[in-house]
Amino acid sequence: MSDTSPFPTAPAAPPAASPDRLHVLARRILSRCLGSVGVLLAAATVSFLAMHMMPGDIVSAILGGPAADPTPQTVAAAVREYGLDRPLPVQYGLYLDRLLHGNLGTSFSQHLPVIAVLRAELLPTLELAASALVLAWLLALASVLGTVRRRSWLSALGSGLETVGAALPQFWLGLLLLWLFAFTIHLLPPAGSDSVAALVLPTVALAVPLGGFLAQVTREAFEIALDQPFVLTARARGLGDWSVRTRHVLRHALLPGISLSNWAVGALIGNAVVIETIFSRKGIGRQLVLGVSSQDMPLTIGIVLLVSLTYVVAGFLTDALYVLVDPRLGARR
Amino acid sequence: MSGKRLVVERLCVGFGAGAAHRRVVRDLSFTVEPGRAVALVGESGSGKSVTARSLVGLAGSTAAVSAQRLSFGPHALRALPEPGWRSLRGREIGFVLQDALVSLDPLRPVGHEIAEALAVHRWGTRSGRRDRVIELLREVGVPEPEFRARQRPDQLSGGLRQRALIAAALAMDPGLVIADEPTTALDATVQAQILDLFGAIKARGSGLLIISHDLSVVSRLADEVVVMQAGRAVEQGPTAQVLGAPRHPYTRSLIEAVPGTHPKGTRLAGLGRGALCPQPREPERKPAPVVLEAIDLLKRYPGPDRDERAAVDRVSFTLRGGQTLGIVGESGSGKTTAARIVLGLVEPDGGRVTLDGNAWVDPGRIVERQRRGRRRAMGVIYQDPLGSFDPRWTVGRILSDALDAAGVPRAGQDGRIRLLLDRVRLTADHADRLPTHLSGGQRQRVAIARALATEPRIIVCDEPVSALDVSVQAQILDLLADLQADLGVAYLFISHDLGVIRHVSDEVLVMRHGRVVEAGPVETVFHAPRHPFTRQLLAASAAA
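From first to last, the protein sequence lines are chains W and H.
If you read the first sequence in the numbering used here, its first letter stands for residue 1, the second for the next number, and so on.
If you read the second sequence in the numbering used here, its first letter stands for residue 334, the second for the next number, and so on.
Note that these hints are calculated values from the structure, not bench results.
Given the structure is predicted, the values throughout are model-derived calculations rather than measurements.
No residue lacks a Cβ here, since even glycine has one placed at the ideal position from N, Cα and C.
One should not assume that every hint holds.
Said to hold, decoys possible - One-sided excerpt, in silico: chain H residues whose CB lies under 7 angstroms from chain W:
hint: 1; residue: ASP360
hint: 2; residue: LEU391
hint: 3; residue: ARG419
hint: 4; residue: ARG422
hint: 5; residue: PHE428
hint: 6; residue: LEU434
hint: 7; residue: VAL435
hint: 8; residue: LEU437
hint: 9; residue: ASP438
hint: 10; residue: ALA450
hint: 11; residue: VAL453
hint: 12; residue: HIS454
hint: 13; residue: THR458
In isolation and in its complexed conformation, chain W is listed as follows (with noise of 0.2 angstroms):
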């Protein structure tokens, strides 16, 4: 029952850790990257699925909706081009097949191929993306470091204005902004998507409700850390408030914002159709609001496919932020 050898010695030769580490990471990678072909995958199926689904002609639908008439000749080549005549799993492999050689149609409402379109139109979308991410983000850390645990007005004040932001719709924001700052008092201009000034009224539109959001789950996990011991500890090391909150506090808080910007990421382009709509900017949004009313199913499927490809990337960004913000994460995975 009992071992009495002397001490234990110490284990057997240990396996060499660091290929064995490697060896891990590869895998989670590995994993990863699946899954982000999967996702791919069911997108582009579910594009196809519903190209098929769509009533009416599916040659008028490649080739220009119901308005449009083609010539025997061209419904002649996109028959034989997308292999109409042929079994529905071999429409679909070659379907897959164009799509992995890049070549995703041509626009009819464009006269343009897809894959042009959403090059010209794809940066100023990620432009707005980006910059009312980043404004989203620095809204919600001004009211969580400023206002959680101040003085009891300002903590009530910084999470009512949250709960207010959170809950203003972005195209009534957008509206109203253009009205007070474009056609009122002349501040910014109302429309167009070439200049920076032109960007401050949609990204403020698209970055106050995200904001809100954003502090609301900053400003809870950012109360719990404060309660934490270490806290204690810092201050009783001769750190100021502020200090404490920066350096200690806030990065304990800042995994719930990093999983509901990955969410938000997709969000943004998803309102970027009203926004760019209602502020007439380039961009994805816009194109997708063309290519869905006038049926333009190549460009539709090509904008539904890259914004599936965008989530993939962030989901990407959002697990490496993760193990960047709180180390621990790694080792455990």
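With chain W held as given, fit chain H onto it using these hints.
Only chain H this time, still in chain W's reference frame:
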């Protein structure tokens, strides 16, 4: 060392305003001379920690602190503005808290924390601070300080991170060190080392204020003791006098509630009031049937440096009905992993467990589905019951949930809940309370009631009294003993505290590095330990 003395005269601390005002410290006076140590002892809630925090101006914005005199050397601390406090904190007064796992920022390497203590007070240059951090870590006895400085608290052992925490408090060479329960979360051997470290701090000429509920810690370090109860000093004086010849009944009850000096079956609570005399239990020598048998349990985990390490290495034991098997060892010795295997929560890499003679854990042969129906035969109690309760559930709902699991119909549950609460000496109206509104001892009673709900034959107790004050600990140990006598339940009792293990166990298993180094009847192991490690443990606990 600056050689400043801390003078506290008639310190009062209260919280809340108007009618809701609660005074938690009343008229407390003491002096800490340089190179001397004063200890504040008492149960949790007696105002010790609030006192400590008031002395560094961190009692919180809602606290009202007043005193006739409060000074440290030339500094008057009464009504000191925040910038004044900040220049004192860390530089003149070092502060050490209980568990470094949570008292150091868990996301940062410990070296950063120590360097911060220097940087706050503009000590040296960046590279100068880096060197000083290494030097400090070496001073507090951290081996390989360059490597350890880059590790986070969760990558260090309990003893190492407590040393790092102390190094951060000592960084500016403060004239006074306040330590709030500095060794409570540590194993006996590590505890002894940390106490030596505090002894060295004292010898260097710093004043030391120790807050502890552990009288053995106090007796080893303190020159003077202040016994606190409900915010007041009920007794104070030189350590030898207060602990050797206590005058106040509260001091006596604190001293006598310490387990380990009485044989199993002795009641601990109430001894100090002189009402009960020791009643050793009738020795049960007829061998009860084996209810649980573990054979050659083996479990490997990747260690911190990614090496495979056997957390549990060929561990075997038997537990007989109505008896207690104590498992003792330091943290990391594999006690808890062994318990989790027994509970069927961790699949072992080898070995098996039988319950009432039937296979219970057998990797590859028994799956969880085959255990589920028999799970009610086994209960479990953890160190921190609060963490195992849903904080939004009332006590009644917690127990009702356990009764559901035991298959008791909802209709009969109210009566059973009353019965369970009665068993653990709580009243029926506790059923409507939330666990957060209960004291630590009451919570542990609820945890015991929950474990009893399924009428188990075995209860696995994992450090069930480690987080409790000695007097509360005594009541819980008495309760467990009563339940065993009444219900014949067997305990698998895990603790790092030799005193507790000795008090509760029939048989003892001493574990180290995942292996059983010694096993046998409790008195044999304690009176005639054969293994050097057991002797070392006993020596450390006697010294502490």
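Structure-based check of all given hints:
1. The criterion of a C-beta within 7 angstroms of any C-beta in chain W is not met by H:ASP360, whose closest approach is roughly 25 angstroms, and the hint is violated.
2. Of the supplied interface hints, the one on H:LEU391 holds, with its beta-carbon coming within about 6 angstroms of a beta-carbon of chain W, less than 7 angstroms.
3. Taking 7 angstroms as the C-beta contact cut-off toward chain W, the hint placing H:ARG419 at the interface holds, the least distance being around 5 angstroms.
4. Hint status for H:ARG422 relative to chain W: holds, with the closest Cβ pair at about 4 angstroms, below 7 angstroms.
5. The restraint placing H:PHE428 at the interface with chain W holds, with a minimum CB-CB distance near 3 angstroms, inside the 7 angstroms limit.
6. Because the closest C-beta pair between H:LEU434 and chain W is about 9 angstroms apart, greater than 7 angstroms, the hint is violated.
7. Of the supplied interface hints, the one on H:VAL435 holds, with its beta-carbon coming within about 5 angstroms of a beta-carbon of chain W, less than 7 angstroms.
8. With 7 angstroms as the threshold, the beta carbon of H:LEU437 comes within range of chain W, its nearest partner Cβ sitting at about 6 angstroms, so the hint holds.
9. A hinted interface residue such as H:ASP438 counts as satisfied when its beta carbon comes closer than 7 angstroms to some beta carbon of chain W; here the least separation is about 5 angstroms, so the hint holds.
10. Among the interface hints, the one on H:ALA450 holds; its C-beta lies about 5 angstroms from the nearest C-beta in chain W, closer than the 7 angstroms criterion.
11. With its C-beta approaching chain W no nearer than about 4 angstroms, H:VAL453 sits inside the 7 angstroms limit, and its interface hint holds.
12. At its closest, the beta carbon of H:HIS454 sits 6 angstroms from a beta carbon of chain W; the interface hint therefore holds under the 7 angstroms criterion.
13. With a least beta-carbon distance of about 18 angstroms to chain W, the hint placing H:THR458 at the interface is violated under the 7 angstroms criterion.
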